[in-house]
Amino acid sequence: MEANDWHKKETYKSLIHYGTSSIKFVFLVNSGAIIALLTFLGTLLEKNSLINTDIKFAFYYFVGGIVSSGIATTFAYLTQLKLYNESKHQVFLYISMFFVLIGIVLFCLGSLSAIESLIGCIHEL
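According to this note's numbering, the sequence shown is numbered sequentially starting from 251.
Mixed in with the good hints there might be a few duds.
Listed next, with one range per pair, are the computed distances between beta-carbon atoms [what the hints assert, rightly or not]:
1) 344 to 313: 22 to 32 Å
2) 254 to 304: 55 to 65 Å
3) 358 to 253: 40 to 50 Å
4) 262 to 291: 39 to 49 Å
5) 369 to 295: 14 to 24 Å
With a Cα cut of at most 27 Å, we get these calculated DSSO-like pairs of lysine-lysine [unchecked claim]:
6) 332 to 258
7) 274 to 258
8) 274 to 259
9) 332 to 263
10) 332 to 259
11) 263 to 274
12) 274 to 332
13) 274 to 306
Just so you know, the hints here were simulated from the structure itself, not pulled from any lab data. Think of the CB as a built atom: it goes at the ideal place given N, C-alpha and C, for glycine as much as any other residue.
Working from the sequences, and respecting the hints, build out all of it.
Structure follows, in C-alpha cells:
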C-alpha cells in the first residue's frame with residue numbers, strides 16, 4: 251500500500267468519525283437542554299404553582315435541533331450509499347452538513363430564548 255493510499259484511507263475514516271460526532275453532539279445538546287428545562291420547570295412548579303414565563307419557543311428550538319440531527323443522519327446515510335455506488339455524492343454530503351449547522355443554530359436560539367424567559371420568571375419570584 252502506498253503512503254498516499256494510506257493517507258486517503260485514514261483521512262476518510264477520520265471524516266466519518268468527525269461527521270458522526272457532530273450529529274451526536276447536535277442531538278445530545280438539544281435533548282439535554284429539553285431535559286434540563288423540564289427539570290427546572292418541575293422544580294418551579296413545586297415551589298410556585300404560578301409560572302409566568304413564555305418558554306415554549308426554547309422548546310420549539312430544541313426540538314427543531316433534534317429533528318435536524320435526524321435529518322442530518324439520514325443524509326449522512328445517503329451520502330455513504332452514494333459513495334458505495336461511486337456516483338455523485340456531494341449534494342447529500344452538503345445537505346447533511348447543513349442540517350448539523352441548523353441543529354447547532356437551533357440550540358443557540360433555544361438557549362437564548364430559555365435564558366430570556368427564565369430571567370423574567372426569576373425576577374418575579
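Hints, verified against the model:
| no. | hint | result |
| --- | --- | --- |
| 1 | 344 to 313: 22 to 32 Å | holds (24 Å) |
| 2 | 254 to 304: 55 to 65 Å | holds (57 Å) |
| 3 | 358 to 253: 40 to 50 Å | holds (41 Å) |
| 4 | 262 to 291: 39 to 49 Å | holds (44 Å) |
| 5 | 369 to 295: 14 to 24 Å | holds (18 Å) |
| 6 | 332 to 258 | holds (18 Å) |
| 7 | 274 to 258 | holds (24 Å) |
| 8 | 274 to 259 | holds (23 Å) |
| 9 | 332 to 263 | holds (16 Å) |
| 10 | 332 to 259 | holds (17 Å) |
| 11 | 263 to 274 | holds (17 Å) |
| 12 | 274 to 332 | holds (22 Å) |
| 13 | 274 to 306 | holds (24 Å) |
In summary, the structure agrees with every hint in the numbered list given earlier.
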